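Peer 1: Got chain A sorted already, so can you dock chains B, C, D and E onto it with the hints?
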Amino acid sequence: MSASTLALIPCLPLLAALCTAGMRNGRRAAAVAIGALAMSALLALWALSQAWTGDAQVFPLADWLSVGGTRITFSLRLDALSALMASMVTFVGLLIFIFSTGYMAHDPRCARFFCYLSLFAAGMLGLVLSNNLLLLFMSWEIVGLASYLLIGFWFHKPSAAAAGKKAFIVTRLGDLGLLLGLLVAFTQTGTLELYAGGAGLLEKDPGTLVWGVGAAKLVSLLLFVGAAGKSGQVPLHVWLPDAMEGPTPVSALIHAATMVAAGVFLVARTFPLFEAGGTLPLVAWTGGVTALIAALIALGQFDIKRILAYSTVSQLGLMMVGLGAATTGAIGMYHLFTHAYFKALLFLGAGSISHGCHHEQDIRKMGGIARAMPVTTAAYLCGALALVAFPYTSGYFSKDAVLVAVYGADRPLFYLCAFSSLLTALYVTRQCVYVFAGAHRGAHAPHESPAVMTVPLVILAVFALGMGGLFGGALQAKLGAIHAAHPFPVIATSWAVALGGMLLGWVIYSGRDLRAPDPLALVPLQRKLWFDELYAATAGRLWSGLTALAVLLQEMVAALAELVQELAQATGQFFSRSVDGRLIDQLAVDGLARRFHEGGRAAVRFQSGFLPGYLRWVVLGTLLGGLFVHWLLT
Amino acid sequence: MTLNHYLVLSAILLGIGLLGVLTRRNIIVVLFSIEILFNAANLNFIAFWRFGPNPEALMGPMFALFAIAVAAAEVAVGLALVIAVYRHFKTVDLEKLDTLREP
Amino acid sequence: MRLLGFGILKGMAVTLENFVRSYFDRDRRHHLFTKEYAWEPGAPAEVLPARADTTVTAHSRNFPILLHDGADPMGGIRCVACQICERECPPQCIYIEKDYDEQGKYIKRPAIFDIDLSVCMSCQICVEVCPFDAIVMDSQFELSTANRFGGLLQHRDQLLKSNEYYHRIHPEEARARDDRMAQEKAEKEAKQAAADAAKKKAAEAKAAAEIAAEKSKPEPSAPTAGGAA
Amino acid sequence: MIEGVAFYILSTVAVLGALLAVSRRNLVHGVFALLLFFAALSGLFVMLMADYVAAVQVLVYVGAVGILQLFAIMLTEHVTGDDLRRLGARGWFWGLMLAVALPVVLLLPPLLNGEPPVPPAAPQSTARQLGSQLMEHYVVPLEVLALLLTGALIGAVAVAHGPEKDPPGKDRPA
Amino acid sequence: MTQTLLNLLAIAVPLAVGFASLFAFTTWLERKILARIQNRIGPNRISLPFTRFRRLFGLIQPAADGLKMLAKEDIVPRDADKLLHLLAPILSLVPPMMVLCLLPLELPYATAGMRALQAAALDNAVLLFFAITSLNTLAVFMAGWASRNKYSLLGGMRAVAQMVSYEIPLVLSAAVVIMAAGGMNAQAIVEAQRAQWFIFTPWGLAAFLIFFIASLAETNRSPFDLPEAESEIIAGYFTEYSGFKFALFFLGEYLAIFAVSGLAVTLFLGGGAGPWVAAYPALSCVWFLAKIFALIFVMIWLRGTLPRLRVDQLMGFAWKFLLPLSLLNLFVAAAALKLAKPWLSWPVGALVLYGAAVALSRSHRADAAPRTYSYAE
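Chains A, B, C, D and E, in that order, are what the protein sequence lines are. If you count the first sequence from 1, position 125 lands on 125 in my numbering, and the numbers rise without skipping. Every number in my numbering is 634 more than the matching position in the second sequence, counting from 1. Every number in my numbering is 737 more than the matching position in the third sequence, counting from 1. Every number in my numbering is 966 more than the matching position in the fourth sequence, counting from 1. Every number in my numbering is 1140 more than the matching position in the fifth sequence, counting from 1.
One chain only, chain A, in its complex shape (with noise of 0.2 Å):
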């Protein structure tokens, strides 16, 4: 495995995102796509199993940069998290590209759609692979934009576009903190190489202290700032729920697998730092509130994706759980895997659904979707199951190692972790029963989607449920995680939470008029605890104020040009008319040349081309010389 192969990966989606970029024809810039993500998919397979194998490499690229002493060189690193974060991108990416070409079949700009998916697969696998903090960002910007440009795809639809806005500024805000993060670390240390053979950032000690902080303190900080913003944790997820206005497969791969995973790998990546920076728990107390907040705010959710988009955000808390509280990376990152393949399912389950149902997002408008779409339903409940960690699939594997750290680590974490997750259990159960049970409360029939839109469904049902088992020691062992015995009091409580929870909402929603107002929907749920409001109060006003600031101080710069404006016309005013006027042209030069014009004018009256009167001067000078001397020989 060179280099330029390891480079291939992701340059390959960036180069066909530049080829779509120009084409009209759907399918055929679809054709490319996948084949490109395809081959880098089998590109990843082989760099996974070299890095399964052998150890960690670094392939230094090229320079990027280099002014007086300081280079700055691009590098990637071929290790066993970023093969396996590479791999999972890539067949999540591949799955959600044959689903999209169906779905975004009859788009006339489906072509433009899969230009930036590509687009955003390039920028993704840049960030997974890289070692060097700036490649790294830039990466992070590339997916930053992708997303907005998927989430604003429909631009015609003013809410898709304030959504892409929205969902630009705020992870904008994050990514403004892992700037700072790397310049802080850039001067402390000089080098921006994560792993640089022994001078790299996460081997060097960056002990000095920078504004009384520790500067691995100050740096991790900053570091969780980025991730939070692009993770959606709690202060900077409010863009995550509105990013639904995008087409259903960008939810499925953004906002499910691979782009909210970023901010998560990004501190397992740079982990070492956390550690000597003593951010951890911190890390994980965000967590744990952001799961909290988003499974309550979830239950009061009436559309299909807008309640997958805040269970993502509260799993991702778990996630952040999980990376606080374990010694390892690896309790997260396992997490993440396997929420990323179910959640990918229930994203596109759902997009199956409301394409059947003609578009229908909102559950109350549903039902009876068992009978009319059998496989996806089917699919749909797998991955649900695992969402709720129902015993031995995928998630219950995952959420039970994160569970265990915390139990080890930080009690009263454990118990909101654990409450949490029974809000989890219970607004899945409610949703399928809004979706699935009883008669169908919809315009339209639903029907079936196509072959090209099950498939992957089924595919990504058989991961949801076997990942967590056959993968699950393995895959903890070589992210490094020290397998420990699960005590007994962690195991009760999960298997209790789980179907507790599906019980209690079985209890709840079952029979019910499923027309009648939710109960648990309470109001401040809808409202989604008035988070936007409460940001438009506080950020808004103050931008408008900043503005307003700015304005002013634009016009006094105007005012201040005009005035200098004014003073230097009136001195060259003064100059000319006086000084060079009187002084030079009068008396000088033009004086001079009307002197010279009348003696010329003098001297011209004798040469007046009067040839009989040059003849009678002639006669006189004869004259005059003969007189002449005459007198001088008398």
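Among the hints, erroneous ones may be present.
[Claimed, not checked] Selected chain A positions facing chain B (Cβ under 7 Å, derived; list incomplete):
{"hint": "1", "residue": "Gly609"}
{"hint": "2", "residue": "Pro612"}
{"hint": "3", "residue": "Arg616"}
{"hint": "4", "residue": "Val618"}
These aren't lab readings, by the way, just hints derived from the structure by calculation. Only a predicted model underlies this, so the values are computations on that prediction, with no experimental measurement involved. Idealized CB from N, CA, C, for every residue including glycine.
Peer 2: Frame of chain A; chains B, C, D and E shown alone:
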């Protein structure tokens, strides 16, 4: 007839020649007058030679002959010029020939 | 010889030879073809010598004249004023008026016969068309007059010349013309004689017929046709 | 005696000729008056015993220069003086004054110094003597004169020739 | 005073009357010879009135012409230049008259004792001769100009151009003889020819031919009579002259012919020399006149044969043929006189001169060629 008679005569002829040169407007008349001047001079040469100290030196006639030859050449070239001027300026009036510029 | 100036010398030689031989060459002298005018100062026009070496020869002809036989001009005049020549003359320089006797009867003679010599171009057409040989060409050339206006308009009396004069200036032509006239006269007389004889005969026949008619008067009226023979 | 009369006749003819030449409106009359003046002068030369010069004067001036001026007149305008334009140039009065002043000034020395010595015996100037003098003493001026005359001849022809009237076109060989 | 006048008259009158009568005779002679050349008789009809003599071979014809001229009305154009119109014939008559007195009518060495017929034995006779004949050009111009007639002016200008052009070869060929004779005095020249007439020397013959041709042109005779030829510009400069002024012109022309041929005789044909002069000195005058008439006969003879020359040919002939030839002749004569070996000078001189003549004529073949005219396109 004494030398003074001839000198007076040639002076008169000189005056008449000058009159022609200085007052007439027509170039050709000016050329005539110049011829008169030439002849007046010749007359003086011969007169001085005739009444001069040593006539055998033949200075007078020799000078007169040369003067006549030169005068003939002068007339030839002068009139050629006049013709060229006339062809160019379409006039022989001295007062109009007041410019060297191409008319 | 292509010598320079040789051409000029050759030319001059020719003229010199011509000059010299014009004096000495016997035959050359004879055909010094420019003839002198046959002109004797003061000699009357009549006595015009028809000499060979003069310009006036038997064939020379200048202006037309009228002929008359015998001595009396008006008596023997041949012209009968038939005006043919007047019509035929190209420049129309002939003017004729017939002569009438007291009773107004046309007598075969021109009262006026004028020829304007200044117009006549001596083409001799009048001579050819004249049926009575009354007009012929004269060789007299001394006709210059001082009077510019009427001088050259010759009247009948000036034109009339005797046939004998004609014989003198143009002998052969005159003789030929007289012979022809005589011959014509003879033929005419013969014809006349024949005509008279025929008339006489007819008269006798008519007389005999009248006599026969008186004898047979008592017969019924015979057809008159056969009467006139 | 005869000589005095001849002198006065010739000089009056000369002066009259010159005056007429200068003052006539009709240039042709002017030229003929000028020729008369030249002839009178040649007569004066004969009286001054320079008969060779007199003959040359007649040959050159009366014969050639006169004809040349006639040709010049033929080629220019207002020859017969029938136009009524004024005769003199502007400011002719000054010209007149100068024309009178210069002779007077030039005559001052001889008139003031009185009568020159009595003329010696009449000098003999035959063609033979002149010829020999020319060839021996004045041979350089003679050659220079030859050059001058040739130059003048060619120059005059070149100047007066003017543009080619009938350039050697297709139908006239160059 | 009167004595000198009488002397002058004594000389002038015989000359004037003699040559005037010769003039009449020459006109008769010319018409007769021309006639004979053209196979005709010539004037022979005029007879003296009231006398017996009939026709006298036309001898009375000139008298008749003179009378006719007197009788003819003398017309002067309305806007002609009256003064000049009158002056021209006089000016054309005076110079030949004056020149005649220069001619050495009799042999000086033979008739020493007798009264010299030569009017003025001037030292530079030949120079004066040419000076005075050049006045003739003036007369021609005056005639042409005074008659205010375009054709006569043109004819006059042509005549002037011709006479001016031919004056140079004339003078140059005379210069050869002056060089040979060592002086310009007519008698001296005749004296120099006592041994051998100059015509019998190569350069002399060439000079004589050039002189003769140039004199033809100078007097507007025969091949060079373009200015007054009837067929050319009407009658040249004396178109507007009629009556006696016209006769004066003819008189002037014939006197000029006498003068020029007289000069030719003195220069080349040894003046009055001839057989039996020693015995009867008076005979020299007869010989002189005889030679003059011989030349005149040749002139008339030429008039009878040669066609008239065109203007450009005429001018070309003068400037491009005669002038160079005469200059060359000057050199040849100088060389011959220096060597003074007649047996050598004849072949060489003749060869050189004839060769030059041929070369010159061949190089100017274009001039003689028929002229190509460029018509306005």
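Peer 1: When the hints from earlier in the document are held up against this structure, which numbers fail?
Peer 2: Checked against the structure, the only hint that fails is number 4, while the rest are satisfied.
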